[in-house]
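Which chain is which? The protein sequence lines are A and B, in order.
If you count the first sequence from 1, position 78 lands on 78 in my numbering, and the numbers rise without skipping.
To convert, take the position in the second sequence, counting from 1, and add 1000; that gives my numbering.
Treat the hints as calculated values from the structure; they're not laboratory data.
Hints are supplied without guarantee of correctness; some may be wrong.
Stated by the list, open to error - Facing chain B, according to a computed beta carbon distance under 7 Å, are these residues of chain A, among others:
(1) L58
(2) A62
(3) G66
(4) T91
(5) G98
(6) F201
(7) P246
(8) F249
Keep in mind the model is a prediction, meaning the values are calculated, not measured.
Glycine included, each C-beta is placed from N, C-alpha and C at the ideal position.
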Amino acid sequence: MSMLGLEFMRNAFMAGGCIALAAGLVGYFVVLRNQVFTADALGHVAFTGGLGGVLAGLNLLAGVFGSCIAVALAIGALGGRGRGRDIAIGTVFAWVLGVGALFLSLYTTARSAASGTLGVSVLFGSILGLQPAQVVVGSLTGIATAVVLLLIARPLLFLSVDPEVAVARGVPSRALSALFFVLVAVTVAESVQAVGALLIFGLMVTPAAVAQNLSTRPWVGMALSAGIAVAVVWLGLVVAFYIALPASFLITGLAFVLYLASHLARRMSRIGRLA
Amino acid sequence: MPEPGPSWDVVADIQLLLQFHFMQNAFLAGTLVALLAGTAGYFVVLRGQSFAAHMLSQVGFPGAAAGVLVHVSPVLGLIVFCVGAAVGIAAIGREVDAGQRLESAAIGSILAFSLGLGFLFVRLYGGSAQGIYAFLFGTILGITDRDVQLTFAVALVTIASLAAIGRPLMFASVDPDVAQARGVPVRMLSLAFLLILALSVAITVQIVGTLLIFALLVAPAASALQLTARQGRGIALSVALSLAFTWLGLALAYFTNVPVGFFITTLAFVFYLAVRLVKTRRTVVAPA
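Okay, chain A solo, but in the shape it has when bound (with noise of 0.2 Å):
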C-alpha cells in the first residue's frame, strides 16, 4: 500500500505541511523576540478553550481559536509591564489547565466513554486523524498565516532588533505588536491539530531554536525555520506510517535531535575559530 494512496496520510502531509511552514515562519520571531513563554501560556489556553468550545455544544476549533485570539489580545494590551511576574503568570496558567480539567471530566462524564480521547488528541495532536474540514481550515489558516507574516517581515524585523531606532523612523509599534500576537495566537491555534496543546514548542521553537544555531542572517534563519518545521513534520508522519509510534512524538522528537546536533556544530565552529 502505497503511503500517499491514503486519504489520511494526504490530508496529514497536506495540513502538516501548511501549519508546519506557519509555525516555523512565526516561531522564528517568537525567539527572536523572547516570547517562548508566551506561546507557551497560549497552548494552555488552547487546551482549556477547545475543550469549553466542544463543552458550549460550538466547534472545537473555533474554541480553540477564539480562546487564543482574545487571550493573545489581552497579554498584548496588557504590555510586557516588566519581569518577574512568572509566579502570577504561572498560577493564573495552572488554574486555566485546572478549568481544563474540569471541562474534560464534564465532557467524558456526559458523552460516555467513547470520547475520553478527545483530551488526548487535544494534548498530544491529532494529525493522522484529521476530519476533512479540519484538512481545509488547518491548510488555508497556515498558508494564510504565513503569507501575512511574511508581508509584515520587514519591519517586524526591524522592530525586533531595534525597537527604538524602529519607533523613531516610524514603524507602527503597536499595531504591528498586536497583529504579531494574533498571528501567534493563530499559529498555536493550528499547531494543536498537529502536535497537540502540550508539544507545540517542540513544532514553534525548535526549528526556529535550530535555524538560529545555524545562522545569524533573518532571511536566511526565517527560511531555515520554516524549511525544518516542514522537514521535521513530513519526516515524522514517514517515520509514523512505518512504525506505529504517535506523530507528535515523532515530531518533536526529531526537531529536539537537530537542535541538540545544531547546538553542537556551533559550538565545534565556535572552538574550530578559537583554535
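Since the structure of chain A is already known, use the hints to place chain B on it.
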C-alpha cells in the same frame, strides 16, 4: 462511589470521606505532600526557582509513564527522572534563566520533547486516556499502600534535610554574596536544594499532576510571602495553606467526582488573587 452526599455535620462528612481505603491513602499521601510542598515551596519562591519546579515536574511525566512501562511504581519513575533532571540542571548552568532568549528556546525544546516522550511511553504500554489525565492533572484514585510508604520515606528524608540545612539555606537564599563571604557553601547548598526540590516535585505530582504543580508548590508559598516577611511564620503559613488546599480539594473531588486538580488550582488561584488585591489596595494607601 459516594451515595449519601455531604451535609453540615462535619464529623459525619469526615467519616464518609474516609470510609474507603483509597481515600485514606489519598489523604495520607496528600497530607505528607502538603507538608513538604509548603516547606520546600517557601524556599522555591524565596530563591526565585519557580520555573525550575515547573520544568522538573514536566520531566516527571515521562518518568511516571516509564515507571508503569517497566512495572515499577510511577512514584519511583518520577523520583528517578526528577532527580536526574535536577542533576542535569545543576550541571548545565547554575541558574536557569528564563529571560535569556536562546536558553528559553532550549528549555522549551527540552520540555516539548520530554512531554512527547511521556506520551510515547504511555502508548507503548497501551495506557488509557484516563491514565494520561491522571498523570497530567492528578488523581485521588490509585494511590497504593506502597506509594504511601514511599511518599512517607521521601517526605521524611526531605523534611529532615531541609531542617538540617534550613538556616544556612535561608541565609544563602536571601543574600548569596554576603553568605558566600561569611563562608557559607552557597554552591553546595543550591545543589542540595535542587535535589530536595526534585524529590518534592516527584511526590507532589502524585496529587496534583504534572501540569498543575504550581498550585501546591508555589502558590501557597507565594501567598504566604505576600502576607508576612517573617520567616518562621511564612513557612508555617505556607504549610497551612498547602494543607488546606489539599484537604479541601480532596474532599470536594470526592463528593463531586470532578478532578482534584481543578479544585486545588482554583483554591490556590483565588487565594493568591485575593492576597494580591488586598496587598495592592494597602500599598496604594501607603506606598511602601
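Comparing the hints with the structure gives:
1. With its C-beta approaching chain B no nearer than about 21 Å, L58 of chain A sits outside the 7 Å limit, and its interface hint is violated.
2. Evaluation of the A62 of chain A hint against chain B yields a violated restraint, the C-beta minimum of about 23 Å exceeding 7 Å.
3. For G66 of chain A, the interface hint is violated, since its Cβ never comes within 7 Å of a Cβ in chain B; the closest pair sits about 21 Å apart.
4. For T91 of chain A, the shortest C-beta to C-beta distance to chain B is roughly 5 Å, which falls under 7 Å, so the interface hint holds.
5. Because the closest C-beta pair between G98 of chain A and chain B is about 3 Å apart, less than 7 Å, the hint holds.
6. Residue-level restraint check for F201 of chain A holds (minimum Cβ-Cβ distance to chain B is 4 Å; threshold 7 Å).
7. Taking 7 Å as the C-beta cut-off, the interface hint given for P246 of chain A holds, the closest approach to chain B being about 5 Å.
8. The interface hint given for F249 of chain A is met, as the beta carbon of that residue sits about 4 Å from the closest beta carbon of chain B, less than 7 Å.
Hint check: violations occur at hints 1, 2, 3; the rest are consistent with the structure.
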